[in-house]
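Q: Next come the chains, spelled out residue by residue.
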Amino acid sequence: MKLSKITVVDYRTSNLLSITKALENVGAEVKLTQNAADIAAAERLVLPGVGAFGAAMRNIESLGIREALVAFGKSGRPLIGICLGMQLLFGVSYELGTNKGLALIDGKVVEFPDKPPLKVPHMGWNQIQFKRNSRLFCGVHDKEYAYFVHSYYVTTSDNYVSGATEYGVTFPSIVEDGNIFGIQFHPEKSQSFGLKILENFLRV
Amino acid sequence: MRSDSILQGRPLGVLAKRIIPCLDVNAGRVVKGVNFVNLTDAGDPVETARFYEQEGADEIVFLDITASVDNRETMMSVVRRTAETIFLPLTVGGGIRTVDDMRRILSNGADKVSLNTAAVRNPELIARGAEEFGVQCIVVAIDAKRAVSGPGAPVKPGQAAEGELISKVGAPVDYEVFVNGGRTPAGLDAVGWAKYAVSCGAGEILLTSIDKDGTNSGYDIELLKRITKEVNVPVIASGGAGTLEHFYEAIKNGNADAVLAASVFHFGKFKIKQVKNYLSEKGVAVRL
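Chains A and Z are the protein sequences, given in the same order.
Residue numbers for the first sequence, in this note's numbering: 122 to 325.
Residue numbers for the second sequence, in this note's numbering: 7 to 294.
Hints in this document: simulated from the structure, not taken from any laboratory.
Only a predicted model underlies this, so the values are computations on that prediction, with no experimental measurement involved.
Beta carbons are placed, not taken as given, at the ideal position from N, Cα and C, and that holds for glycine.
Where hints are given, some of them may not hold.
Okay, derived cross-link-like pairs now, DSSO-like style, lysine-lysine, Cα gap no bigger than 27 Å in a straight line [as the list claims (entries may be wrong)]:
| id | chain 1 | residue 1 | chain 2 | residue 2 |
| --- | --- | --- | --- | --- |
| 1 | Z | K275 | Z | K235 |
| 2 | Z | K277 | A | K317 |
| 3 | Z | K288 | Z | K275 |
| 4 | A | K236 | Z | K275 |
| 5 | A | K317 | A | K142 |
| 6 | A | K236 | Z | K288 |
| 7 | A | K236 | Z | K277 |
| 8 | A | K264 | A | K152 |
| 9 | A | K264 | Z | K275 |
| 10 | A | K236 | Z | K231 |
| 11 | Z | K201 | A | K264 |
| 12 | Z | K258 | A | K236 |
| 13 | A | K264 | Z | K258 |
| 14 | A | K195 | A | K236 |
Part of the chain Z face toward chain A, derived, beta carbon under 7 Å [claimed, not checked]:
| id | residue |
| --- | --- |
| 15 | L21 |
| 16 | A22 |
| 17 | L94 |
| 18 | P129 |
| 19 | E130 |
| 20 | A133 |
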């Protein structure tokens, strides 16, 4: 298989071993970066992430890569945000205060309602329902399980929602706008389903 | 949200119940050997984990039972090679005493760490781990044993003789926490300890019944019920799986969020797929 070059943004919040290995597993040549020039030169970009929204944005600011990320998103080259990385694509998050995101897609990030017996964080295997055709869905089935770990979720226009998941609310688990994608679950922990989604992203 | 939204409906998310094989690892080798003909090296944790991934495991738990500190590095290598090879959540427990221990395990690709003895000795470790890595990373493993005087039998505060069980707060206990691999009574009531651990930041409880472990006579449903009723984090049932019904009972009657087993999987009594098919037929949501 021809290797697809992919750049993974390392903004110091997450362990990138698993996502790197998952991308390599599906044929990517991975470059990790913390600088704006690499982002500007990337062919395709992964914005991973775990942790808190505000802390992540502060790291992005302090690395001086915020503008490069926004410019990349607007360039039409393929970008995928994973878990917290998906949430960062949106305008604002209400996790631990109000924090502005990259605002590449309209929408906001809100907390799961406290609805016992549902536990927060939403952690474990849950289903993705297809809401429209997506280039990410080639070779995967509707209502397959993916592995989630998060306490906040995105609300956005239906126009951007490709996949949704139910957990007290129905929330967008896969969004896309042009070549910008966001996935709330962890593809690197979602076995063959997750790997297939990543492989499809490499083909975008 | 607009009334015609594609996200409308009456959702009540159903997380799949997880089936988790547990591997005891000593000096980089799986102990209580796994019994599969199609593994070239059944003692290799990485290969065994990969086997279980293909079998449909939802998560893998490694319990490092290595006694010597020198072999900790061996375990780190096992964790790293596993995380590089399998794309499932990975939990690692055994011998974790400090936040730095947790960091090393997580930075080698584990998703969660499981604390046991060290958390009992120093509950602040739970809080510090949760602050540093998030509650979703912190599992507290509780090894519980039914009180010798039997459940419900009152023990008078302050009058517990040696061999009798009494919690540190002086109330009678039905289940006591044991540490050091189940060898040492901790003087803690299991239910109270579970609640306390969660209040400190435990994101999940791995609950092992010492009485049931290794008996194949079923999970301790009473213990599960008591703990799941009192904590609002996922509880993994452990100890006692011997039949397909046992898995179902732990979930249905014990309200377990996940079921863990070792020997029934290692010795090939059941395939993970078989357990999942059984549960699915009984109406339990599982990832098939």
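Q: Evaluate each hint against the coordinates.
A: Quick rundown of the hints versus the structure:
Straight-line distance between C-alpha atoms of Z/K275 and Z/K235 comes to about 31 Å, which puts the hinted pair past the 27 Å bound. With a C-alpha separation of about 25 Å, the suggested pair Z/K277 and A/K317 falls inside the 27 Å cut-off, and the hint holds. Proximity of Z/K288 to Z/K275 is assessed by CA-CA distance (about 20 Å); at most 27 Å being required, the pair is judged to hold. Restraint check: the Cα-Cα separation between A/K236 and Z/K275 comes to about 39 Å, which exceeds 27 Å; the hinted pair is violated.
Under the criterion of a C-alpha separation no larger than 27 Å, the hint pairing A/K317 with A/K142 is consistent with the structure, at around 14 Å. Our distance criterion of 27 Å between C-alpha atoms is met by A/K236 and Z/K288, whose separation comes to about 26 Å. With a CA separation close to 35 Å, the supplied pair A/K236 and Z/K277 exceeds the 27 Å bound. For the hint linking A/K264 to A/K152, the alpha-carbon distance of about 32 Å lies beyond 27 Å, and the restraint is violated.
For the proposed pair A/K264 and Z/K275, the alpha carbon gap of about 30 Å is over 27 Å, so the pair is violated. Between the alpha carbons of A/K236 and Z/K231 the distance comes to roughly 20 Å, so the proposed pair stays at or under 27 Å and holds. Using a Cα cut-off of 27 Å, the hinted pair Z/K201 and A/K264 is violated, with the two alpha carbons roughly 35 Å apart. For the hint pairing Z/K258 with A/K236, the CA-to-CA distance comes to about 20 Å; that is within 27 Å, so the pair holds.
Distance restraint check for A/K264 and Z/K258: the Cα-Cα separation of roughly 23 Å lies within the 27 Å cut-off, and the hinted pair is therefore satisfied. The hinted pair formed by A/K195 and A/K236 fails the criterion: a straight-line CA distance of about 38 Å is larger than 27 Å. Given the 7 Å rule on beta carbons, the hint for Z/L21 holds: about 4 Å separates it from the nearest Cβ of chain A. The beta carbon of Z/A22 is positioned within 7 Å of a beta carbon in chain A (closest approach about 4 Å), and the interface hint is therefore held.
With a cut of 7 Å, the hint placing Z/L94 at the interface with chain A holds, because the nearest CB-to-CB distance is about 6 Å. With 7 Å as the threshold, the beta carbon of Z/P129 stays out of range of chain A, its nearest partner Cβ sitting at about 21 Å, so the hint is violated. Against a cut-off of 7 Å between C-beta atoms, the interface hint on Z/E130 is violated, since the closest Cβ of chain A lies about 21 Å away. Here the hint on Z/A133 is broken, as its CB sits about 17 Å from the closest CB of chain A, past 7 Å.
Checked against the numbered hints above, the structure breaks hints 1, 4, 7, 8, 9, 11, 14, 18, 19 and 20 and satisfies the rest.
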